[in-house]
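Line order of the protein sequences matches chains Z and B. Going by our numbering, the first sequence opens with residue 14, and the numbers climb by one from there. Going by our numbering, the second sequence opens with residue 14, and the numbers climb by one from there.
Check each hint, because a few of them may be wrong.
No distinction is drawn between identical chains; accordingly, a pair holds when it is met within one copy or between any pair of copies.
Said to hold, decoys possible - List time: in silico SDA-like cross-link candidates among lysine to any residue, alpha-carbon distance up to 20 Å:
hint	residue 1	residue 2
1	Lys-100	Lys-128
2	Lys-130	Leu-25
3	Lys-86	Gly-134
4	Lys-26	Lys-48
5	Lys-100	Glu-67
6	Lys-126	Glu-94
7	Lys-135	Ser-91
8	Lys-135	Leu-90
9	Lys-32	Leu-73
10	Lys-38	Thr-137
11	Lys-162	Glu-54
12	Lys-128	Glu-71
13	Lys-126	Glu-66
Since the hints were made in silico from the structure, they are not lab data. Note that the coordinates shown come from a computational prediction; the quantities given were computed from them, not determined experimentally.
Protein chains: 2
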Amino acid sequence: MINIKIVCVGNLKEEFWRKACEEYKKRLSKFCNLKIVELDEQNKFDNAQRIVEEEGREILNHVGRSAFLLDIKGKELSSEEIAEKIKNETLVSSEITFVIGGSYGVSNDVRDKIKNKLSFGKITLPHNLARVVLLEQIYRAFMINSGSKYHK
Amino acid sequence: MINIKIVCVGNLKEEFWRKACEEYKKRLSKFCNLKIVELDEQNKFDNAQRIVEEEGREILNHVGRSAFLLDIKGKELSSEEIAEKIKNETLVSSEITFVIGGSYGVSNDVRDKIKNKLSFGKITLPHNLARVVLLEQIYRAFMINSGSKYHK
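Bound conformation, chain Z alone:
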């Protein structure tokens, strides 16, 4: 069973976001081993540049060979294309990491080191909602790859 790791910055304050993520985690449990790594927001700094650099160092500690960075300027894929990407990665890797930056985005270092940049479109999403959308898309990808009908 493939390992999927989501590396994100900051926790989910509102219970409804946590419940939404739990629901998808539950659904995903039959397809993959999912691990969510929540890094601390570096809010002890008041400088955005410094924040993303500190967060970036932590992010890169958790990123393996097969990683995707969520990035508004990344490559936009359809859900079917995301499913295809995941299918292909599972052939060559035992773990896929998805990275969601914090409120200030990510450092240039993270951008440089993670070559695969995935965009969910031109809209800006808050990090909590982006996490839910990512989980839903990963779930959708497994449903597509398993040939299941899924359009809820």
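Once you've looked at the hints, dock chain B against the given chain Z.
Below, chain B without anything else, positioned relative to chain Z:
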């Protein structure tokens, strides 16, 4: 204060989606009068074509002059561009309607009659999550238009 109406098909079964929507409704209450019209899913029919046609008739009963249809093949706008659209519409209209189709999409009739088609990117979203994303984007639009800092 502008009236914003969201016309959607089917209700939100999971409590966490309802709570997420309630949160954005609360936040939006200082910017607009928000009304969410939840139409019945036409699940008495077993034919997708018939379902979207029946749902389409109901949708069009609730759509005014200034309407946007959420459509994966629609025009992709950034959050700033959505904010600009909403600002411009408020100058000429007292109500803006956003339509989210049901599980089977919308009828050709709805597609023909609602000229403004808005896409949140190439990914397929389930209708419940699409509703949350839409509410967040409307909230973000008002925050952008009011000059507020908002990047949570």
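Right, here's what the structure says about each hint:
1. Lys-100 / Lys-128: within (18 Å within a copy, 37 Å between copies)
2. Lys-130 / Leu-25: neither (23 Å within a copy, 32 Å between copies)
3. Lys-86 / Gly-134: both (8 Å within a copy, 12 Å between copies)
4. Lys-26 / Lys-48: This pair counts as within: shortest intra-copy Cα distance 19 Å, inter-copy 26 Å.
5. Lys-100 / Glu-67: Neither: 33 Å inside a copy, 38 Å across copies.
6. Lys-126 / Glu-94: Result: close neither inside a copy nor across copies, 22 Å intra and 31 Å inter.
7. Lys-135 / Ser-91: Both. Shortest intra-copy (13 Å) and inter-copy (5 Å) distances satisfy the 20 Å Cα cut-off.
8. Lys-135 / Leu-90: both (12 Å within a copy, 6 Å between copies)
9. Lys-32 / Leu-73: neither (27 Å within a copy, 34 Å between copies)
10. Lys-38 / Thr-137: Between copies only: 19 Å across chains, 24 Å inside a chain, cut-off 20 Å.
11. Lys-162 / Glu-54: Answer is between; shortest inter-copy Cα gap is 18 Å, intra-copy 38 Å.
12. Lys-128 / Glu-71: Cα proximity of Lys-128 and Glu-71: one copy only (17 Å, versus 46 Å across).
13. Lys-126 / Glu-66: within (13 Å within a copy, 49 Å between copies)
Checked against the numbered hints listed earlier, the structure breaks hints 2, 5, 6, 9; every other hint is satisfied.
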